[in-house]
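**Student:** Residue numbers (our numbering), protein chains in the order written: chain A, 779 to 1180; chain B, 1237 to 1501.
Quick caveat, the hints were computed from the structure, so don't treat them as lab data. Note that CB positions come from ideal geometry on N, CA and C, so glycine has one too. Just to be clear, a hint being listed does not mean it is correct.
[To be verified] Label-pair distances were calculated between CB atoms; the ranges are:
id, chain 1, residue 1, chain 2, residue 2, range
1, A, ALA814, B, LYS1351, 53 to 63 Å
2, A, GLU935, B, GLU1404, 54 to 64 Å
3, B, ARG1375, A, ALA909, 18 to 28 Å
4, A, GLY938, B, GLY1311, 40 to 50 Å
5, A, ALA928, B, ALA1376, 44 to 54 Å
6, B, GLU1426, A, GLU935, 50 to 60 Å
7, B, PRO1395, A, PHE911, 47 to 57 Å
8, A, CYS1005, B, GLU1404, 38 to 48 Å
9, B, HIS1403, A, GLY912, 41 to 51 Å
10, B, ARG1394, A, LEU936, 53 to 63 Å
[As the list claims (entries may be wrong)] Once the Cα atoms are required to be at most 20 Å apart in a straight line, the calculated SDA-like pairs of lysine to any residue come out as:
id, chain 1, residue 1, chain 2, residue 2
11, B, LYS1351, A, GLU1075
12, B, LYS1309, A, ASP1074
13, B, LYS1400, A, THR790
14, B, LYS1309, A, ALA789
15, B, LYS1309, A, THR948
16, B, LYS1309, A, LYS889
17, A, LYS889, B, THR1392
18, B, LYS1309, A, PRO1049
19, B, LYS1309, A, THR790
20, B, LYS1400, A, ALA789
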Amino acid sequence: MKKLIGQYPDATGHFGPYGGRFVGETLMSALLDVEAAWHSAKNDPAFMASFRAMLRDYAGRPTPLDCAERLSAHAGGARLWLKREDCTHTGAHKINNVVGQGLLARRMGKKRVIAETGAGQHGVATATIAARFGFDCKVFMGAEDIRRQAPNVRRMELLGAQVVPVTSGTSTLKDAMNEALRYWSGASEDTFYVIGTVSGPHPYPEMVRDFQRVIGDEARAQFLEKCGKLPDLLVACVGGGSNAMGLFYPFLDDPCEMIGAEAAGDGLDTPRHAASLCGGSPGELHGALTYLLQSDEGQIHEAWSISAGLDYPGVGPEHALLHDLKRVRYEGVTDVEAVAAFQLLCQYEGIIPALESSHALAAALREAKKRPAAQNILVNLSGRGDKDLDHVTRWMKEHGAP
Amino acid sequence: MNRITATFQRLAAAKKKALVGYLTAGDPTPETSFEILRAACAAGIDILELGVPFSDPTADGPVIQEASQRALKAGMTLTQTLDFAARLRRESDIPIMLFGYYNPLFKYGLVRLAKAAHKAGVDGLLVVDLPPEEAGPLRAALQGTDIQIIFLVAPTTRPDRVQKIAHETGGFLYLITKAGTTGEGGLDVEAIRRHAAEVKKISPLPVCLGFGIRNGADAHQLAPMADGVIVGSALCRVIGDAPGASDLPARMAAKIRDLRQGLDS
């Protein structure tokens, strides 16, 4: 097998035919500055030591590796293991990335951080580190999402962030990212843009992956310690794809299968899904070449999923490459399958998973049933589901679910 | 000779400045848009920037965003935009640049685009989110045509990079007058004067100033600093203020005449 770790991106920020830095000239200097600062920081032992210390003391790492005995027995096949990112401060893997970018913003002497958010999870995480570091913080959020995610809006405001409603375009996550880029192009002197996933222009896909790989590094060591071997299959959900990249990356050169679970919404055969790899085509959005949900004319489509965190019409460029190389298999998981998995984890393990992570669980359960008990499947439980309770309850009522 | 280059030579000989006008193709509807474009060309713009509408125009302020939305809602496509260029070309020798974002062009296919644009009589391409570093594939596709790629220089662009961009650009350098997105106003005239002078020192190419120019008075004030001015949002606003008006071509012509007068006086 061809070695992948350390090969991508190349010096110009490309992952094979994907990635790159497709932005207006006004933002080029800001991105070149972030790239230079990041490359200097990641080779600075003091910076990386402060990153690890803050993950330990503030974010609550390492997170546990947990064997889901009863859920495995219920599935009746392979054994399921959970990497418990839901146990972190703020309740999801998003904190790993914002701690890293927060430290970098401070190192660059920036006074303000901005972020885009869909469901509000990345917004809350950014507001959290802004408070911790004493940054001014603006979070761009679609007006429609603000209405749907009132508790997260209150959290961000409580943490001192200003939530900026976005009414342009479709008033959702992609438009929030458009607006954050527009704001940044007028304020890059004193402002750092904290992108929440492995998307966007170079160096973000690489940088966010490197901050998130702590998930896979920990899981790999924990798994070897507990089982004396590597898992047979890794499963993670993919919206932009940061938790999946974080889990997969340290295993890329190992003989482990990998599945990325994309949100198939009402089904891949309908227009209502968010599966850019399973149901999209190559294109460029928000600074990178990757797979997109788009029309034949290259206009971006709105994504759809029960899970607001997967509701994005693009995907990180490294996933696009891993898809083409067939190193990772990307599969769709519908709303119905995700909610069923959500309920199973609650009932069998006493863990309320995020709807995003429930997509990974559903894909893992599908596989577990087909595999012998001797096999091990490692699932990234990327976040906790408290935020989703109202939404799931309403959905179950509307769909007559048990 | 490429019509953009020829236009700057002609204007320089006549000691005149270029008026570059941006309009989104298909705004507010394809039919009306074509009449507005004809009126704009007849009323005195020297170079037409024909905007290809895109769903996610991250470098544009609200006025051009809305122009794009109106055009897309009315069903405008890149194929129709190319057809507009071909029809305008049959009537006039005005230089035509396609102006837009990379994804619609990429999705159309760069080689196919180069052929179609060449056939339509397009003279230049300005792709807002395509810095020179990423332009290799487009440049390769354009080989064998005389279509130029025009690149931008921003207030945030550092001198060593200005040199590199000047080396890569065809036709002229588009000098962005302010940080942030397109939109009227917010110009720091002294800063623009300094920046334009620095860029002129680095590059022998014609330099045009764009972003924020509202009217003839702004054009008049900025004209001496460069070889031309670019007006976009102020033109799109004429449509945005009254997208249903029956006399949009006449209103556009009046706006262009005001700009022309400011520039030439």
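**Student:** Decide, hint by hint, whether the structure agrees.
**Tutor:** Outcome of the hint check:
no.: 1; hint: ALA814(A) to LYS1351(B): 53 to 63 Å; result: violated, 40 Å
no.: 2; hint: GLU935(A) to GLU1404(B): 54 to 64 Å; result: violated, 46 Å
no.: 3; hint: ARG1375(B) to ALA909(A): 18 to 28 Å; result: violated, 47 Å
no.: 4; hint: GLY938(A) to GLY1311(B): 40 to 50 Å; result: holds, 45 Å
no.: 5; hint: ALA928(A) to ALA1376(B): 44 to 54 Å; result: holds, 51 Å
no.: 6; hint: GLU1426(B) to GLU935(A): 50 to 60 Å; result: violated, 39 Å
no.: 7; hint: PRO1395(B) to PHE911(A): 47 to 57 Å; result: violated, 33 Å
no.: 8; hint: CYS1005(A) to GLU1404(B): 38 to 48 Å; result: violated, 55 Å
no.: 9; hint: HIS1403(B) to GLY912(A): 41 to 51 Å; result: holds, 43 Å
no.: 10; hint: ARG1394(B) to LEU936(A): 53 to 63 Å; result: violated, 40 Å
no.: 11; hint: LYS1351(B) to GLU1075(A); result: holds, 17 Å
no.: 12; hint: LYS1309(B) to ASP1074(A); result: holds, 15 Å
no.: 13; hint: LYS1400(B) to THR790(A); result: holds, 16 Å
no.: 14; hint: LYS1309(B) to ALA789(A); result: violated, 40 Å
no.: 15; hint: LYS1309(B) to THR948(A); result: holds, 13 Å
no.: 16; hint: LYS1309(B) to LYS889(A); result: violated, 40 Å
no.: 17; hint: LYS889(A) to THR1392(B); result: holds, 18 Å
no.: 18; hint: LYS1309(B) to PRO1049(A); result: holds, 19 Å
no.: 19; hint: LYS1309(B) to THR790(A); result: violated, 37 Å
no.: 20; hint: LYS1400(B) to ALA789(A); result: holds, 18 Å
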